[in-house]
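K.L.:
For chain A, the structure is supplied; the task is to place chain B on it using the hints.
These protein sequence lines are chains A and B, in that order. Here the first sequence stands for residues 1 to 508, where the numbers follow our numbering. Here the second sequence stands for residues 1 to 208, where the numbers follow our numbering.
If you're looking for bench data, these hints aren't it; they were derived computationally from the structure. Using N, Cα and C, we set each Cβ at its ideal position, and we do this for glycine too. It is possible that some hints are incorrect.
The calculated lysine-lysine pairs, modelled on BS3-like cross-linking and capped at a C-alpha distance of 27 Å, are [unchecked claim]:
#: 1; chain 1: A; residue 1: Lys118; chain 2: B; residue 2: Lys199
#: 2; chain 1: A; residue 1: Lys89; chain 2: B; residue 2: Lys149
#: 3; chain 1: B; residue 1: Lys150; chain 2: B; residue 2: Lys136
#: 4; chain 1: A; residue 1: Lys458; chain 2: A; residue 2: Lys479
#: 5; chain 1: A; residue 1: Lys187; chain 2: A; residue 2: Lys468
#: 6; chain 1: A; residue 1: Lys89; chain 2: B; residue 2: Lys179
#: 7; chain 1: A; residue 1: Lys421; chain 2: A; residue 2: Lys373
#: 8; chain 1: A; residue 1: Lys83; chain 2: B; residue 2: Lys179
#: 9; chain 1: A; residue 1: Lys487; chain 2: A; residue 2: Lys467
#: 10; chain 1: A; residue 1: Lys473; chain 2: A; residue 2: Lys421
#: 11; chain 1: A; residue 1: Lys89; chain 2: B; residue 2: Lys136
#: 12; chain 1: A; residue 1: Lys473; chain 2: A; residue 2: Lys458
#: 13; chain 1: B; residue 1: Lys136; chain 2: B; residue 2: Lys97
#: 14; chain 1: A; residue 1: Lys187; chain 2: A; residue 2: Lys473
#: 15; chain 1: A; residue 1: Lys487; chain 2: A; residue 2: Lys187
#: 16; chain 1: A; residue 1: Lys447; chain 2: A; residue 2: Lys458
#: 17; chain 1: B; residue 1: Lys150; chain 2: A; residue 2: Lys89
#: 18; chain 1: B; residue 1: Lys179; chain 2: B; residue 2: Lys138
Label-pair restraints from in silico Cβ distances [claimed, not checked]:
#: 19; chain 1: B; residue 1: Asp38; chain 2: A; residue 2: Ile132; range: 49 to 55 Å
#: 20; chain 1: A; residue 1: Gly309; chain 2: B; residue 2: Leu162; range: 51 to 57 Å
#: 21; chain 1: B; residue 1: Leu162; chain 2: A; residue 2: Gly85; range: 20 to 26 Å
#: 22; chain 1: A; residue 1: Glu325; chain 2: B; residue 2: Gln184; range: 53 to 59 Å
#: 23; chain 1: A; residue 1: Ile132; chain 2: B; residue 2: Gln145; range: 37 to 43 Å
#: 24; chain 1: A; residue 1: His122; chain 2: B; residue 2: Leu162; range: 33 to 39 Å
#: 25; chain 1: A; residue 1: Ser21; chain 2: B; residue 2: Gly81; range: 54 to 60 Å
#: 26; chain 1: B; residue 1: Ser39; chain 2: A; residue 2: Gly85; range: 33 to 39 Å
#: 27; chain 1: B; residue 1: Gln184; chain 2: A; residue 2: Arg278; range: 36 to 42 Å
#: 28; chain 1: B; residue 1: Gln184; chain 2: A; residue 2: Ala48; range: 21 to 27 Å
#: 29; chain 1: A; residue 1: Gly57; chain 2: B; residue 2: Asn72; range: 47 to 53 Å
#: 30; chain 1: A; residue 1: Glu323; chain 2: B; residue 2: Arg186; range: 54 to 60 Å
#: 31; chain 1: B; residue 1: Asp132; chain 2: A; residue 2: Arg278; range: 47 to 53 Å
Computed footprint of chain A on chain B; a stretch qualifies when at least three of its residues, placed anywhere within it, have a C-beta under 8 Å from a C-beta of chain A [unchecked claim]:
#: 32; stretch: 169-180
#: 33; stretch: 187-194
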Amino acid sequence: MKFSADEIASVIQQEIEQYDSQIDVREVGTVLEVGDGIARVHGLTGVAAGEMVEFPGGVIGLAFNLEENSVGVIILGDYLNIKEGAEVKALGTLLSVPVGPAVIGRVVDPLGNPIDGKGPIHSTETRPVEVIAPGVAERQPVHEPMQTGIKAVDAMTPVGRGQRELIIGDRKTGKTAIAIDAILNQKTTGVKCFYVAVGQKDSSVAGVIRVLEESGAMAYTTVVVAGASVAAPLQYVAPYAGTAMAEYFMWKGEHCLVVYDDLSKQAVAYRELSLLMRRPPGREAYPGDVFYCHSRLLERSSKLSAELGGGSITALPIIETLEGEVSAYIPTNVISITDGQIYVQPDLFFRGVRPAMNAGISVSRVGGAAQVKAMKNVAGGLRLALASFRELEAFAQLGTDLDAATQSQLDRGYRMVELLKQGQYTPLNVVDQIMVIYAGDRGFLDKVPVKQIQKWEKEFLAFIHDKKPNVWKLLDETKNEGDCMKKPDHPATVAVTDALREFNQSFR
Amino acid sequence: MATENKIKDSVFDTDRQYLGGVYARALLGMGEKSGQVDSLVEELGSFASVLAQIPKLRKALESPRIGFVEKNNLIEKALKGKASVPFVNFVKVVTSKGRADCFPAIRRAADLICDERAGRVQATMTTAQPVDEAMKRKVAERLSQVLGKKVSITAEVDADVLGGLVVRVGDTVYDGSLKNQLSQVRAAAIGRANQEIRKSLDRFATGT
Chain A
1 MKFSADEIAS VIQQEIEQYD SQIDVREVGT VLEVGDGIAR VHGLTGVAAG
51 EMVEFPGGVI GLAFNLEENS VGVIILGDYL NIKEGAEVKA LGTLLSVPVG
101 PAVIGRVVDP LGNPIDGKGP IHSTETRPVE VIAPGVAERQ PVHEPMQTGI
151 KAVDAMTPVG RGQRELIIGD RKTGKTAIAI DAILNQKTTG VKCFYVAVGQ
201 KDSSVAGVIR VLEESGAMAY TTVVVAGASV AAPLQYVAPY AGTAMAEYFM
251 WKGEHCLVVY DDLSKQAVAY RELSLLMRRP PGREAYPGDV FYCHSRLLER
301 SSKLSAELGG GSITALPIIE TLEGEVSAYI PTNVISITDG QIYVQPDLFF
351 RGVRPAMNAG ISVSRVGGAA QVKAMKNVAG GLRLALASFR ELEAFAQLGT
401 DLDAATQSQL DRGYRMVELL KQGQYTPLNV VDQIMVIYAG DRGFLDKVPV
451 KQIQKWEKEF LAFIHDKKPN VWKLLDETKN EGDCMKKPDH PATVAVTDAL
501 REFNQSFR
Chain B
1 MATENKIKDS VFDTDRQYLG GVYARALLGM GEKSGQVDSL VEELGSFASV
51 LAQIPKLRKA LESPRIGFVE KNNLIEKALK GKASVPFVNF VKVVTSKGRA
101 DCFPAIRRAA DLICDERAGR VQATMTTAQP VDEAMKRKVA ERLSQVLGKK
151 VSITAEVDAD VLGGLVVRVG DTVYDGSLKN QLSQVRAAAI GRANQEIRKS
201 LDRFATGT
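Chain A on its own, in the form it takes in the complex:
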């Protein structure tokens, strides 16, 4: 080590020489009681709601409840060393987290402290954790696609940059997998990703981080972790902290993707806090403002107007339901806040349809505006067709004789379902998606046995990339034209159709 003790000593000496003594004026209070991550404080007369306070030992708290005789403080850190009678100092600032390029590629806690063992975060800027979302004048409608790389999602429930698309379903149905695939697919798009883990097992978070690292996605991703073992206040703050880090890039005109995994656990943490603070319980014992807790968070995901740089935050909140119960309190709240939902079902999942998305009740309220034109032309009727196929399939199980038209509709449905299956961590380029779905939708697969569909897809894509790169390039260049893959005489349509015919002749 070449840094000598003398050098450090001289630095400290300089600091002491330059030290300008000033009287420290501070607003203080006294801890009356403390426990379970909250403290009740007497004094702090001038403290504002949401203001930071400091306990002895440097633990930070947040003024949460302002009552007539006391202040309720949530403690963001270790509350075991705080004692009754301790002095609490108001800091006069709002809770902030470090933001900027330095946080990218890091794993941090909800206060922005690194927990990945890669040293301190050298960030010069901070942003308050709680800010008001951009107003109407500062926004523009969502119009650019945010490709998730998942065929079923990009074709049927397209997500736009600045949209909030909910992923909802029971436990173990692949909700996180959809979000992770969406992050992996941003490798070449320049979209900054933020994965906020709230109330998750630390082992699952470690698994996610490992996947992100192995596929090189940590280069543009920040992981904010408030695991199941941390106190409720930190779990409650984590999504806001992650959003604050994303907002830095949004206001710089860049695009971000934030995954909140999951908001039902955040609601539970907030319920715990509110009950400890003796706020009155409402439905399912959640406090009255749990809706606002989520709406003010998700409103911050937006598409800024062109004058403000046109940056965006796309949100993929995740909600875990119990036994498919979407009419519970938190699921209905978040469904009503978001711009659509991807509904994943266990029965589809165990039948091998993965991603286990139910096409009938999954929607995107932004819709085609945020879809590549060619994809819109190819997959426009796909969602309804699949939904009616499901009905028909249930009917066909009764064993009735079917006419030829119904049978062919069924056959095509089976193939389409097979075609929309996709392995984990294998996001697909949108051009590949368009060609594959075009093939399924226009009957190019009718002669291929259902069990061979996935093999067909793999070989066809290899064929296009190896033998017909021109076709791929042509479609890539023209995919945003309104007629692409719609009019039979559009050059891209002609080229893709020819390639499909050629490949089908050789496929066996």
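P.N.:
Just chain B now, kept in the frame of chain A:
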């Protein structure tokens, strides 16, 4: 002694404090009507200190096992002739409502209200060594100028402040103590050294 005081101060009930405010306003309201505010507050003060000095009396008044007729007799015996009739009545009302444990809070609230009306504030000055009256007066004068209110000072001694003085007015602390300055210097020096080390971080890189 000092630490004992500190803990006693922090252990108080916000509900009791609130009740104290209510009873204090009632007492002062009564005093205003009859024009005896000052004497009532004085009586309240001496009664509260009597309670503190004679724990048996306090316990008897607080005890739920003693009926309020007996308590009234006790109060009559204890205060007859020594306190004014309105004050004796006040004590009886408070006791009969089962709020005898609130007297210290009532006294504190009454003092606060009187101070506020008179434009006075209480300040606590903490020093490492005991200070003389002249020093106290000087600090009080200076504080009165800054705050625009008449300041009365209570002096406390706490060796932990090392030097300088800490003045607390309400919830605001003016900290000019050596202890605080040292901790600030410490934080600044550590921060600066940290910064310097970071600046030349490459020097730590292990050479091949």
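K.L.:
Work down the list of hints and note, for each, if the structure agrees.
P.N.:
Checked hints:
1. A:Lys118 / B:Lys199: holds, 17 Å
2. A:Lys89 / B:Lys149: holds, 24 Å
3. B:Lys150 / B:Lys136: Holds, at about 13 Å.
4. A:Lys458 / A:Lys479: holds, 22 Å
5. A:Lys187 / A:Lys468: holds, 24 Å
6. A:Lys89 / B:Lys179: Judged against 27 Å, a Cα distance of about 16 Å means the pair holds.
7. A:Lys421 / A:Lys373: holds, 23 Å
8. A:Lys83 / B:Lys179: Holds - the C-alpha atoms of Lys179 (chain B) and Lys83 (chain A) are around 21 Å apart, at most 27 Å.
9. A:Lys487 / A:Lys467: holds, 25 Å
10. A:Lys473 / A:Lys421: Judged against 27 Å, a Cα distance of about 25 Å means the pair holds.
11. A:Lys89 / B:Lys136: Roughly 26 Å between the alpha carbons, so the hint for Lys89 (chain A) and Lys136 (chain B) holds.
12. A:Lys473 / A:Lys458: Holds: Lys473 (chain A) and Lys458 (chain A) sit about 19 Å apart, inside 27 Å.
13. B:Lys136 / B:Lys97: violated, 42 Å
14. A:Lys187 / A:Lys473: holds, 19 Å
15. A:Lys487 / A:Lys187: Not OK: Lys487 (chain A) and Lys187 (chain A) at ~32 Å, beyond 27 Å, violated.
16. A:Lys447 / A:Lys458: holds, 17 Å
17. B:Lys150 / A:Lys89: It holds: about 26 Å lies between the C-alpha atoms, which stays within 27 Å.
18. B:Lys179 / B:Lys138: holds, 22 Å
19. B:Asp38 / A:Ile132: 49 to 55 Å: For Ile132 (chain A) against Asp38 (chain B), whose Cβ atoms are near 52 Å apart, the range 49 to 55 Å holds.
20. A:Gly309 / B:Leu162: 51 to 57 Å: holds, 53 Å
21. B:Leu162 / A:Gly85: 20 to 26 Å: About 21 Å separates the Cβ atoms of Leu162 (chain B) and Gly85 (chain A), which means 20 to 26 Å holds.
22. A:Glu325 / B:Gln184: 53 to 59 Å: Distance hint for Glu325 (chain A), Gln184 (chain B) holds at roughly 55 Å.
23. A:Ile132 / B:Gln145: 37 to 43 Å: At roughly 41 Å between Cβ atoms, Gln145 (chain B) and Ile132 (chain A) fall inside 37 to 43 Å, so the hint holds.
24. A:His122 / B:Leu162: 33 to 39 Å: Cβ of His122 (chain A) to Cβ of Leu162 (chain B): about 35 Å, so the range 33 to 39 Å holds.
25. A:Ser21 / B:Gly81: 54 to 60 Å: holds, 58 Å
26. B:Ser39 / A:Gly85: 33 to 39 Å: Holds: the Cβ-Cβ distance is about 35 Å, inside 33 to 39 Å.
27. B:Gln184 / A:Arg278: 36 to 42 Å: Holds: the Cβ-Cβ distance is about 37 Å, inside 36 to 42 Å.
28. B:Gln184 / A:Ala48: 21 to 27 Å: holds, 25 Å
29. A:Gly57 / B:Asn72: 47 to 53 Å: holds, 51 Å
30. A:Glu323 / B:Arg186: 54 to 60 Å: With Cβ atoms ~57 Å apart, the hint holds.
31. B:Asp132 / A:Arg278: 47 to 53 Å: Holds - the Cβ-Cβ distance for Asp132 (chain B) and Arg278 (chain A), about 48 Å, lies within 47 to 53 Å.
32. 169-180: Our answer is that it holds, as 8 residues pass the Cβ test (under 8 Å) against chain A, meeting three.
33. 187-194: holds (count 4)
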